[in-house]
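Student: Spelled out from the first residue to the last, the chains are:
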Amino acid sequence: MSAPDLAASGLAGHVRASLMLSRRWHTAEALFWVGAIAAAFLFPRQLLLMNEIAILALFALSLDLILGYAGIVSLGHAAFLGMGAYSAGLVALHIASDPLLGLFVGMAASGLLGLVTSPLVLKGNDLTRLMVTLGVGLLMLELANALSFITGGADGLQGIMMGKLFGHFEFDLFGRTAYAYSLGVLFVLFVLARRIVHSPFGLSLRAIRDNPLRATASGVPRNWRLAAVYTLSAAYAGAAGALLAQTTQFVSLDVLDFHRSADVMLVLIIGGAGYLYGGLIGSIAFKFLQDFISGFTPQYWQFWIGLFLVLFVLGGREMIHGGIKAVLARLRALKPGKRP
Amino acid sequence: MSAVLETRALVKQFGGITATDRISFSLERGARHALIGPNGAGKTTFVNLLTGVLRPTSGVVMLGGADITTLSREARVRLGLVRTFQINQLFATMTPLEMIAAVTSERLGLGASSFSRLDASATLVTETADILARFRLDDIMDETIATLPYGKQRQIEIAAAFAAKPSVLLLDEPAAGVPEAERRELLDTVAALPADVSVLLIEHDMDIVFRFATRITVLVNGQVLADGAPDAIARDPAVRTAYLGEAAHG
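Protein sequences appear in the order of chains S and W.
Take our numbering: the last position of the first sequence gets the number 502, and nothing is skipped along the way.
Take our numbering: the last position of the second sequence gets the number 252, and nothing is skipped along the way.
Quick caveat, the hints were computed from the structure, so don't treat them as lab data.
Any given hint could turn out to be false.
To spell it out: a stretch of chain S is covered by chain W in this simulated footprint if at least three of its residues, at any positions, have a beta carbon under 8 Å from a beta carbon of chain W; those stretches are [claimed, not checked]: (1) 173-182; (2) 359-367; (3) 379-390.
Over the 10 Å line for every Cβ pair with chain W, so calculated as not near, a few chain S residues [what the hints assert, rightly or not]: (4) A201; (5) L210; (6) I312; (7) I431; (8) F474.
Idealized CB from N, CA, C, for every residue including glycine.
With the hints as constraints, model all of the structure from the sequences given.
Tutor: This is the structure we're talking about:
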């Protein structure tokens, strides 16, 4: 009797270890965040660029939650970025200049917009989702244009004055506070996202992404789960928008422009979807590429980005991501296994 | 009366076509029941009506004495009515361990909890391990499902359904497409399902049907043509002419 019991308990131990393994922090992850902090001291002249990267990374992380983990494609994610940016900007202009209040309101407003529009992405295939999200993005852009008495229309929201962060740290010209603030928010929301994707809820999202039919046949209420993650993703995009408004102290229609939605998709494709770091790595690559190319050909940088995208998607992606996976596998093999 | 799953005068019409015509069917508790019929007999429509993919034009579906006719698919699963698919429907990027854990966590009602840890639930861990052991998946539990041989994937298809703790399990052609060499293990798996699970087997292969079933229902043209013990069905002249044809003589 005891032999099968023993085997079963050993098996249970392995099951527990396997379920734990996926959520355990890896050394490379710690290095990544230490690097992000160290960068502030190593490149004190590049803080404004690094702030932009951190915000783009948060925006891409938000897209990764729906694309990488739930399989929802979107070409209108700027709708939520813009909602967060305008909400945070309006809070600073009319209510209070505290950045955290604006951040919270921006996330809440975008989350609400995500919740309300989520029924639109529950049905249909990738193509209908692309079209529906694109449509929502265009609607939001024109709405912001038309409601100029609130948004300032084509002139944008001007004269935003941000208060001190935590009542202590003033937003300076060099972007010191801005980068620390954006990186801090990115990190906190990243840790939260990491926790969520490794929860039972996160596993059920992967189930829906892999096979909606089987997920439903396993008792997963597909629509509720997708609406929940869409709302969460919208709130994350809203946070990115709020950071953008607060650290640049300006909001214009550009935050709702189609190129924002396209760029963030590009970022996630470069970095790879479905492992949370894709958006972060992709945003670094994208911004440096943009910075580098526009350095020698300011007018035609999109040509080179376009060429890069075509080549990358046609073949380079497998090579780069395959390379990353191989390195990770090596690193994992170096560690002594914890198999019972 | 110990019917665990029952339909009464179930009708489904698509436009002018009647796909199922007043089917009254009952599945006894602990049954090993087969549903057979030629192509176009209405088996798929009937299964879709049972599982909630389709709503009947008229008639009633009862599970454990309760009317479930209007319940959603996932609500029926939570009540214990679970199916497998003729074509594998798996979480292909997961490992068998993850897939079984995903189904189990949903059954335990954990699926909506976004902040707890998967490995924190002792019940989830032990039940996942039990199912991996029962279906002999423990040697491949850490491989990606998409890379496994077809026969193994077929085992996972059944194991995943079993992980939802069915009181009624609908097996839709479980051995379809499985190569001869791996077929035996799969049929053993089906035969080893615990007695308290009532099984309805939808199958074309008469060898499997007669080996496995203690009761057979024959559907032809959307109607129940015959219903009874295997030897009675095999002798039934109406069944022989309408369905078994030369297979019965062969």
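Student: Output the numbers, in ascending order, of every earlier hint that fails for this structure.
Tutor: The structure conflicts with no hint, since it agrees with every one listed earlier.
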